[in-house]
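If you're matching positions, the sequence shown starts at 1 in this note's numbering and goes up one per residue.
Where hints are given, some of them may not hold.
[What the hints assert, rightly or not] List time: in silico EDC-like cross-link candidates among lysine to aspartate or glutamate, alpha-carbon distance up to 16 Å: (1) K259 - D229; (2) K128 - E149; (3) K103 - D71; (4) K128 - D207; (5) K259 - D207; (6) K194 - E149; (7) K103 - E140; (8) K38 - D180; (9) K194 - D180; (10) K142 - D115; (11) K221 - D206; (12) K259 - E232; (13) K117 - E149; (14) K304 - E173; (15) K128 - D180; (16) K103 - E173; (17) K194 - E292; (18) K128 - E43; (19) K221 - D296; (20) K221 - D180; (21) K142 - D162.
These are computed hints drawn from the structure, not numbers from a lab.
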Amino acid sequence: MTFAGIALACLLVMAGCERAPPPQATPDEAAKLQAALKHYAHEQFMWRGRRILDLNRADGWASLIGMHWLDPGAHRVGSDVDNGIRIAMGPEHLGVFTVRDGKASFVADTSVTVDGKPSRGSALRSDKDAAGPSVIAFDEGKGLVTVIERGGRLALRVKHADAPSRVHFAGLEYWPGGRDWQVPARFIAHPAGKTLPIANIIGTIDDIPNPGALEFQHGGKSWRLEALDQGEATLFLVFADRTSGHGSYGAGRFIDVPKPDAQGRLVIDFNQAYNPPCAFTPFATCPLPPPENRLDLAVAAGEKTYAKPDVPPIQSPKDSP
């Protein structure tokens, strides 16, 4: 049996143990329950598989090797010690990045592409641009640099497919969870245009669109989470709970949930609570749970804290905050 087959079989066994058909169930009822359990196991198996593939892509979060602030002026960037900004992997002299009037530009000192085309230099978009950030590729496409904006400042985000954190990616561990953690919720709309201040791990605060709150029941109590809208097809939840720092990542977890139907109904699947990028790398800028989303509830579902492999760390850049 393949690894995937073994993993799915394990999930099916867990689902079957979760809730066996009651002795008084009719054959039809028992068959429906078993079908539901099988569907649940397959759904979770597929989600976990996509999640691991996404994390471990050549340009996924496990490939992140640096974040370097760009103050106004010119910055020589590369892996050699004579650069003002030294990257952990890549050419000795990548090029010069210049920030002027809040915009970044780049002049290359080596062979690179910008947005897939060979380039000696270019004005650069940041991740706040509607078209997305410009992508500088080096090392035959294995290394990538983009400009991000946080708290009104620009920074370089650097990734490399050969990053130790990606090469030695250790996989994920999960809480037992179960179908009881797929909870129906009610969407309570806020006034149009409402935002919620969200602090992030580097100390800046962003006002994020906050279209409404989600109310749900669990353990005989009512709970509420504020939902964020980041322009995606789903709503975004940033939450902490009583497992945070006690088996789950201490700075909280994320969940993507479907937008509500016309009656304001949706389902929150806590089995699909996942770790923020900061659980895997010190070079990410992750939002933190707002006070409203700190649950006095142990959510024993979803991803556990990532067990980082014992590999030589990439030294944090000297200019990181």
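Here's how the hints hold up against the structure:
1. Between the alpha carbons of K259 and D229 the distance comes to roughly 10 Å, so the proposed pair stays at or under 16 Å and holds.
2. With a C-alpha separation of about 7 Å, the suggested pairing of K128 with E149 holds against the 16 Å cut-off.
3. For the hint linking K103 to D71, the alpha-carbon distance of about 11 Å falls within 16 Å, and the restraint holds.
4. Under the criterion of a C-alpha separation no larger than 16 Å, the hint pairing K128 with D207 is consistent with the structure, at around 14 Å.
5. As the CA atoms of K259 and D207 are separated by approximately 20 Å, the hinted pair breaks the 16 Å bound.
6. Distance hint between K194 and E149 is unfulfilled; the C-alpha atoms sit about 22 Å from each other, more than 16 Å.
7. Of the supplied pair hints, the one linking K103 and E140 is violated, its CA atoms being roughly 27 Å apart against a limit of 16 Å.
8. Between K38 and D180, the direct Cα distance comes to roughly 15 Å. Compliance with the 16 Å bound is thereby established for this hinted pair.
9. With a C-alpha separation of about 32 Å, the suggested pair K194 and D180 falls outside the 16 Å cut-off, and the hint is violated.
10. A distance of roughly 14 Å separates the Cα atoms of K142 and D115; the hinted pair therefore holds under the 16 Å criterion.
11. For a cut-off of 16 Å, the pair hint linking K221 to D206 is broken: about 31 Å separates their Cα positions.
12. A C-alpha spacing of about 10 Å is found between K259 and E232, which places the hinted pair at or below 16 Å, so the restraint holds.
13. About 24 Å separates the Cα atoms of K117 and E149, which puts this hinted pair outside 16 Å; it is violated.
14. Between K304 and E173, the direct Cα distance comes to roughly 5 Å. Compliance with the 16 Å bound is thereby established for this hinted pair.
15. Under the criterion of a C-alpha separation no larger than 16 Å, the hint pairing K128 with D180 is inconsistent with the structure, at around 38 Å.
16. Annotation: proposed proximity of K103 to E173 is violated, straight-line Cα distance about 41 Å (limit 16 Å).
17. The straight-line distance between the Cα atoms of K194 and E292 is roughly 15 Å, inside the 16 Å bound, and the hint therefore holds.
18. With a C-alpha separation of about 33 Å, the suggested pair K128 and E43 falls outside the 16 Å cut-off, and the hint is violated.
19. The straight-line distance between the Cα atoms of K221 and D296 is roughly 11 Å, inside the 16 Å bound, and the hint therefore holds.
20. Distance hint between K221 and D180 is fulfilled; the C-alpha atoms sit about 14 Å from each other, no more than 16 Å.
21. The hinted pair formed by K142 and D162 meets the criterion: a straight-line CA distance of about 7 Å does not exceed 16 Å.
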